[in-house]
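**Q** Let the hints inform the model, and build the full structure from the sequences given.
In the working numbering, the protein residues as written are 100 to 326.
Misleading hints may appear alongside valid ones.
What the hints assert, rightly or not - Here are the computed distance ranges between Cβ atoms for each label pair:
1. Asp-131 - His-310: 35 to 43 Å
2. Pro-230 - Thr-293: 27 to 35 Å
3. Val-115 - Ala-138: 19 to 27 Å
4. Ser-179 - Gly-251: 40 to 48 Å
5. Ser-309 - Glu-114: 14 to 22 Å
6. Ala-110 - Pro-229: 38 to 46 Å
7. Pro-271 - Leu-137: 37 to 45 Å
8. Pro-271 - Glu-134: 44 to 52 Å
9. Val-258 - Pro-230: 12 to 20 Å
No wet-lab data here; the hints were simulated from the structure.
No residue lacks a Cβ here, since even glycine has one placed at the ideal position from N, Cα and C.
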Amino acid sequence: MSRVLVADDEAHIREVVRYALVRDGHQVDTADDGEQALARLARGGVDLLVLDVLMPELDGLAVCRRVRATARVPIIFLSSRTEEADRVLGLELGGDDYVTKPFSPRELAARVRAVLRRVGGDAPPLAPPPPPLVRGRVAIDRARAECTIDGGAIVPLTVTELRLLAALLEHPGRVLSRAQLIACAYDGDHHVTTRTVDTHVRNIRAKLASHGVDAITTVHGLGYRGG
Numbered sequence: 100m101s102r103v104l105v106a107d108d109e110a111h112i113r114e115v116v117r118y119a120l121v122r123d124g125h126q127v128d129t130a131d132d133g134e135q136a137l138a139r140l141a142r143g144g145v146d147l148l149v150l151d152v153l154m155p156e157l158d159g160l161a162v163c164r165r166v167r168a169t170a171r172v173p174i175i176f177l178s179s180r181t182e183e184a185d186r187v188l189g190l191e192l193g194g195d196d197y198v199t200k201p202f203s204p205r206e207l208a209a210r211v212r213a214v215l216r217r218v219g220g221d222a223p224p225l226a227p228p229p230p231p232l233v234r235g236r237v238a239i240d241r242a243r244a245e246c247t248i249d250g251g252a253i254v255p256l257t258v259t260e261l262r263l264l265a266a267l268l269e270h271p272g273r274v275l276s277r278a279q280l281i282a283c284a285y286d287g288d289h290h291v292t293t294r295t296v297d298t299h300v301r302n303i304r305a306k307l308a309s310h311g312v313d314a315i316t317t318v319h320g321l322g323y324r325g326g
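**A** Set out below in structure tokens:
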């Protein structure tokens, strides 16, 4: 049973989300604002964070920045902001998904399941770890969910970014369409859009570039090639 933390300043939204997720089999904690959310996260044991963007005092984007400085807990943003630029910003800050209000509680529950599945929440606890994936200067240790450069420097990828990069590097030289990447890296989650894939690829490139590595090539009109 996964534990989900829901942070939203609207009591009605918190209750709707809590009810939907409890009915879906999760344990749910709630927080009224960003500071409460950070305090609860500091105690540990949270598997996923549903985070409202527009909270007073400390908004969701600020919370995400603080969380990503030290932790990789998956984050799903919940927001009334529907512009593409807002969604892109949320993903670039390290969010794994972005749901706009008004929303379907059943769809949100499905997105929570999909993100938890991507980060290994449904994996058998005693399954043998997959071997490390090494391509050039880049190595991915999937058992530790860690990406390193030259065997040392750690690249701070989110779990979703790590899965996406692994999907590309597992097929060196092959062009993968965005639909194929959704099937490989997102377990075929039909809620993931091609723009979400593009945003995550841009994030991965920026993080690798800070180490002088360019491991992804855009093939215009087709998709991306890793290697």
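**Q** Compare the structure with each hint and give your call.
**A** Hints versus structure:
1. Asp-131 - His-310: 35 to 43 Å: At roughly 40 Å between Cβ atoms, His-310 and Asp-131 fall inside 35 to 43 Å, so the hint holds.
2. Pro-230 - Thr-293: 27 to 35 Å: 30 Å Cβ-Cβ, so the 27 to 35 Å window holds.
3. Val-115 - Ala-138: 19 to 27 Å: For Ala-138 against Val-115, whose Cβ atoms are near 23 Å apart, the range 19 to 27 Å holds.
4. Ser-179 - Gly-251: 40 to 48 Å: Holds, at about 43 Å.
5. Ser-309 - Glu-114: 14 to 22 Å: Violated, at about 42 Å.
6. Ala-110 - Pro-229: 38 to 46 Å: 43 Å, holds
7. Pro-271 - Leu-137: 37 to 45 Å: Between Pro-271 and Leu-137, where Cβ atoms are some 40 Å apart, the hint holds.
8. Pro-271 - Glu-134: 44 to 52 Å: The hinted range 44 to 52 Å holds for Pro-271 and Glu-134, with Cβ atoms some 45 Å apart.
9. Val-258 - Pro-230: 12 to 20 Å: 19 Å, holds
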